[in-house]
Every structure is written in C-alpha cells, then in structure tokens.
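2 protein chains.
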Amino acid sequence: MKAEIISIGTELLTGKVVNSNAAFISNELTSLGIDVCSQVTVGSYTQDIIASLKKSEERGELIILIGGLGPSEDDITKQTLSSYLETDLILHKETEERIITYHKNSELKMPENNQLQALILAGSTPLKNDTGIAVGMILTKGSHQYVLLPGPADEFRPMVKNYLKEELIKRFIDTQVFESRKLRFFGITEAELVERIGEDINKYEQVVVTINSCEEEVTVKINVRADTRKEAENYIDEIQMKVLNKLNSYFFGYGEKKLTDVVKDLLLERSLTITAAESLTGGAFMSAITSGESAGSIFEGGVVAYSEDKKHQVLNINQETIDEFGVVSKQCAVEMAENARRIFDADIGIGLTGVAGPGSLEGQIPGTVFIGLSYKGEDTNVQRFHFDYRRNKNRKLAVLNALDMVRHFILNLPTKNDAKCDKNL
Amino acid sequence: MKAEIISIGTELLTGKVVNSNAAFISNELTSLGIDVCSQVTVGSYTQDIIASLKKSEERGELIILIGGLGPSEDDITKQTLSSYLETDLILHKETEERIITYHKNSELKMPENNQLQALILAGSTPLKNDTGIAVGMILTKGSHQYVLLPGPADEFRPMVKNYLKEELIKRFIDTQVFESRKLRFFGITEAELVERIGEDINKYEQVVVTINSCEEEVTVKINVRADTRKEAENYIDEIQMKVLNKLNSYFFGYGEKKLTDVVKDLLLERSLTITAAESLTGGAFMSAITSGESAGSIFEGGVVAYSEDKKHQVLNINQETIDEFGVVSKQCAVEMAENARRIFDADIGIGLTGVAGPGSLEGQIPGTVFIGLSYKGEDTNVQRFHFDYRRNKNRKLAVLNALDMVRHFILNLPTKNDAKCDKNL
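Order-wise, the sequence lines are chains A and B.
Sequential numbering of the first sequence, starting at 1, is according to UniProt numbering.
Sequential numbering of the second sequence, starting at 1, is according to UniProt numbering.
Chain A on its own, in the form it takes in the complex:
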C-alpha cells in the first residue's frame, strides 16, 4: 500500500509554520507498513489542490489531505474534493450537535458558517475530533482512499493516533492484528544502538522496527502484524528480549515516558525526597525535578553554588577540599551531595560540579563532570564523566546522567560499564 500526503496552507509556503504534521503522519504510516511516496505542500487554491490530487493518484492508493477544514474563506479542501470527485457534501448530525454543544458550553457565539465544519463527503466515514471542531473523514472511491484531516497539530495528532490508525488497520490490515511497543534508552547514541542490535531485528518479515533519538534519549519501536494478538505479543516479547539482552543497562522504560518522569515517579513510589547542590548545571537539575505536578512530595529545596566562594560560604564545602583538589573534583562533588542532603534534610542528595565550557577550569577540559549521590547511612557514590565540548549539551547531559544515577541507585542496578563514565578517578 502506497500513501501520498498533501498539506494545504499558505502559512506552510511562507515558512511561518514548519510542517511537522507531515513527519508525524509519515512516521505513523511507516510503522503500519504503509510506504509514503511523496509529501506535497500547496496553497489554498482549487487548481493547485486538484493538480496535486491528480499527480498523487498516479502514485499511491491512499491520498491524505491535511488542512483547510476550518470555517475561513480559504478553507476549501472539502469543497474542492467534493467537486473533483463529484461527491456531495452532506450534514453530519453528530458533529453538528457537538458544535452546538461546544459553543453553548463555552459561551462563544456560533458563527453562521460554522455548520460548514459539520459537512462530510457522502459515503465517507467521519473521524472524530476530540480537541476541536472540524470533523475528519475517510472515503473510498474507485481504487483510492481519500483521507481529510484538520491542520492544527493539537487536533491533527489525536485524530491520527486515536481514530485514523484504527480505521486504516480495520480497512487494510483487517485480517491481521497490529501491535506495537516502544522501548526507551539512555546513555547510548542512536548510531551505537543500531550497530549493536541491527542484525537481531532485521530478519522478521512482519516486523517493522523504527529507531529514533530525541534530547539524548533513544527509542526503539517494535511494530508487528500477526494473525492473533497473542502471536503479535510473542513476536514483540521475543524481539524485546533480544534487544534487552544486549542493551539492558541503557533501558529505562516504555512508551512516551521520559527519563525525568521515570525518576520522579520512582521517587514518589518509594516516598523518597531529593535535593541538589548544583554548580555547572545552574539549577537545571532541580528545574527538571520540579517540572511535574507532585514535585512537593519529593523535593523541598536545594542550592545553586556556582562560585568557589559560595560553595564554601553557603554550602559549607571545606576550604581545604577546594584548595587541595579543586572544585572540579570527586571530593567536591561528594561534599556537595552530602551537605545539600543535610541542609535540606532529604533522603537523597545530588552534587553536580564540572566544566560546562567553552573554556577549561582548573586545568580540566570542558565536558569533565563529577556527580555525587549521597544517601543517609551509606557511602556516597561518585562518578566522573567526559561529555562534549559544547556548553549547553554538557549541562543537559549532566542533568540526565544525574537522573540516571538516581534511577540506578533506587533500583539497585549495577553502575553502567560505559566508556564515558570513568570509575578510576
């Protein structure tokens, strides 16, 4: 099955808006085993849309049109397709009622042309819009399927995820079930990961594995088609086992939950509180910890001690430690973690010190970072890292590695045997 994507909107052609919808749906279609042949973006002009439709029909069977379903004058996608396919637009009662209710609840005045948004192509199946007004739809005509979707990303994405995918599976993958699972990794690059598991995952015919990376986390999504749900899950379990056999120490969770959230939930579940003394990260670790709703249950406060003086005066780091080992040292990271934990009376104390860059500090090159983890009644754990030469990347990696140290500590996992982490300080 081949798909063609047509995005409609002047704001895309002037570069005001980046077309992230096209990437989003392409990714979803690819995971269903549907090939995307081309993506086209045109303005809201009848003749341009029709020219694209003609071209796309030559190449693919599934034609996806995005945008132009709103109530404005230049929203002409439905009308254009209606006259092009010689198919009437008819009122979809359920959507009309939803629009009326929506305006009643929000005390907004309903514009006269708003009924337009409740029109669907005769014979099409409507796709629900849980986050907006415009209804989507899918229509079979001849050998082609036409899909119409709204342009705003916050309406587009849920409609694709929750309704379109299901409809496509029902129509084209109907004799089979479709299952997928996303595994999340930290501490390994996408390229390294591909190199280490590539051979294991490329030999199944009914499996598509998509690997992506975003903000230092790498995801492996296993997409399987099979005759039964049980069979699909067996495939997924088998592949997951092969992947984790090689990469278990980097694996931290499933789905859309990022490392920060995994660690915050672990702290919540175990009723542990955390604090930090931050130098190079300047508050970014605590900002991550407090980003979620229940921050008050795991965090009471912490300190940013950026200068040498304040490390000594406010955080009570021994002047002898600083004089003998420097602030970029294992010893300083240990004291920072321990003192923060005492001052803020927390279960876990994190100390972050290092050279963010671009310059060196105390003869240490940018990217040299020490992270200490103190827990009541136990020896303080400390690790040395060598990251990158870029300041902001170093700060980000320091925060994420500190979070990962917390995860390893809580779950009692062995420290990662990672080239970047040098345990012989």
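Just so you know, these hints were derived from the structure itself, not from any lab.
There could be a bad hint or two in this list.
A pair holds if it fits inside one copy or across any two, identical chains being indistinguishable in the list.
Here are the simulated DSSO-like cross-link-like pairs (lysine-lysine), alpha carbons at most 27 angstroms apart as the crow flies [stated by the list, open to error]:
#, residue 1, residue 2
1, 242, 16
2, 330, 128
3, 2, 170
4, 16, 257
5, 258, 396
Guided by the hints, dock chain B onto chain A, whose structure is given.
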C-alpha cells in the same frame, strides 16, 4: 518570481526527520518577495525526482532542490539533474582543495568517492559550504534557475543565509538593494501585536513585514527593497518608529538575540551580579541566567526553596509573614528577593513564588505569581501576575517576566502597563 521547493530524502518520507529546511528557505524567499508555490518531498529515486522537476518547471522559474549532495550511493540529486538537463558535471578545483585540506586537518581518511562532492554542473555558480563538504550551486538554463543545496540543516542554513540570498538578490533584485531588520517583543501575543500594528505596516508596496512568535517572544521582521541603501534604511526607520510608537514597552532588542541573552548582557555591561530565591520555577530562572559563557561574572549562586519549611529554615523567611500572608504573597516574594540578595551577596535579588498548577494553593488559582526584585539601598519592587492554567507555561512565563523585570529595572524603564500585571496587589 515564483519558486518551487523539492526536498529529497527517504528520512523525510518515513517521518524520521521533520522538514524544517522547507520552512526555513520559504521564510527567507518570502522576505525577498519571492512566492513559494509548492513544496514537494520525494525519495532518492531518479524517476521521482524527474517527475517533480517537470511538475515544478510548469509552475515556477526558481527550482530549489534540497538534499542528496553527499557521497552516499543514494545521493543522486546532482547526477539526476545533470542527465535531465543534459549538462556535464565538472570538477570544481577550489572545493576539491577544500575537501583535501579538511581531511588533512581532521586526520580523517578521505573516502575515494569524496571527489564526487566537488563536482558541479557545468556553467553553474558554486555556493560555498562553510560548515561541511558538499558544495551547493545555482544554474541558469532556459527560463529556469536551478538551485542545489545540501540537506543537513547545519550546512543548509548558513549556505542559504550567507551565499544563496546574496546570489538571488544579485540576479533578480539586482537594480535594487535589499535590507531587513528584526525587532523582538516580549509580553504581548502575536495576535495582539498584529491587531495593534496591522494598519501601519500594510500600506508600503516595497515592504514585506513578517510577524512570528516562538517561546513567548514575538518578532517583527521588516524587509525592504529600494533603489539605494539609504532609502531602504529610511523606510525601515519609519516603519520601526510607527511600530515602537505603539509597542515600545514590549520591545527589547534586535535580530536573533533572545530576552535571556539581552538581560545577561545588560548585567555584564553594568557589572551587576544577580541571585534568586525560586519556588514555583524550581531553579529554571538560575538555569537561564547560567546558560551563557560568562555566567561566573554575573552569578555566584542562589537557592530553590520549594516547601514552606525550607523557605523559613534555609531562606529565613519570617514565619509570621508566612502565617499572616501565605507563601503565595507579595510579602513573601519581597522577603525571598531580599534574603537571597543578602545570603548570596549580590547586587540584584529575585524572589519567585506562585501557583504553577494544576492545583490551587492557599486559595489562589494556578497562574498566580509574585515576583520580587531587590536592589541594595532601594525599596523592593514586586509585581503580581496572572498567567495560565498550565504548569509548564506558568513556570516559563514566570522566568521570562522576572528577566523582563530585571531589564526594566536596569534600563530604568517604567513598569509595563499590562493587563496581565496587576499593580494593585
């Protein structure tokens, strides 16, 4: 002049990469007064590229091809265009030398097929690549101009900005000069801004004004074509004056410099140090302050006091203040700012307290935020804000408004008369 953009790459069709290049160049072309008619994305297949070329030639004169200039087997853009236009590929000596030097300096082995990247279409003008190997080019053939650009964004963007634009201006806008200026605003939404200045900016024929917003900042870019540089600048000055007449209190700078950087540079220039006591923002304000290279000159440290206990114990907020007014109060923000300034011995102290949400706190609704600014020997300034119901948006807006308060304080500007800022506490 009409332009067509063809992006080439399988990673775009699988949704692995979002096509931000298309938006970037469309924005640049629009600001030059060149209309983009369509954007197409195809895979690295000769017949697909040729089909797109044919279609694009029907619609536009300027055909821009992005991607497929590398040394891999599926990099076929140059070769395809060469055979399609019946134009030879010839070796560009300067690029070849640059590739050899590049590999010598980096101690990398030069791959055999790397000379491929030094080939250009006969008769084309090469476009320099300052951040990579592949050379770009522009070729006139019949009534069309063909532009070839590399796909990686960090090579693509500088090439467009520094070389392609100049070449296009020289070729098509050559009798006129082209000037532009970007103004940056904070504290106003894009929609409000358009409403307030729309009439003033839409009546000049040789002026294109593009308005955008990103991360709570709004930019107004004034693009002018004129006979002389002086005339262009006069236009820009005139429009800027009209815009600033209405929006001066929101204006904070020019070009690509964001509010955070403007404030950090102001602190550096005036040799002022800053500290903060943060509650709802959890360290995000200090993280912003320390994001730049010279952080050590303006910041020594600060404290995150998230819980009521730690506000009292670590930050010495009077228990009476908390009992009488609560932690979400003008009085608490004032004490936080003042105590942080004293503890960390800084010129300016910022206190941030409020309700990030989603729940209420002390009977105050989410989005209620108090920001205090203390300066030695002066009365502490405090402002109350009502932002949003979303936690992360509230945290972000609190940080940016605190930065904006610092800017207003340093430049001795009147406090903004903003609906969102309620001075009658």
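Practice item. Against the earlier hints, flag every one the structure doesn't satisfy and list their numbers going up. Key: 2
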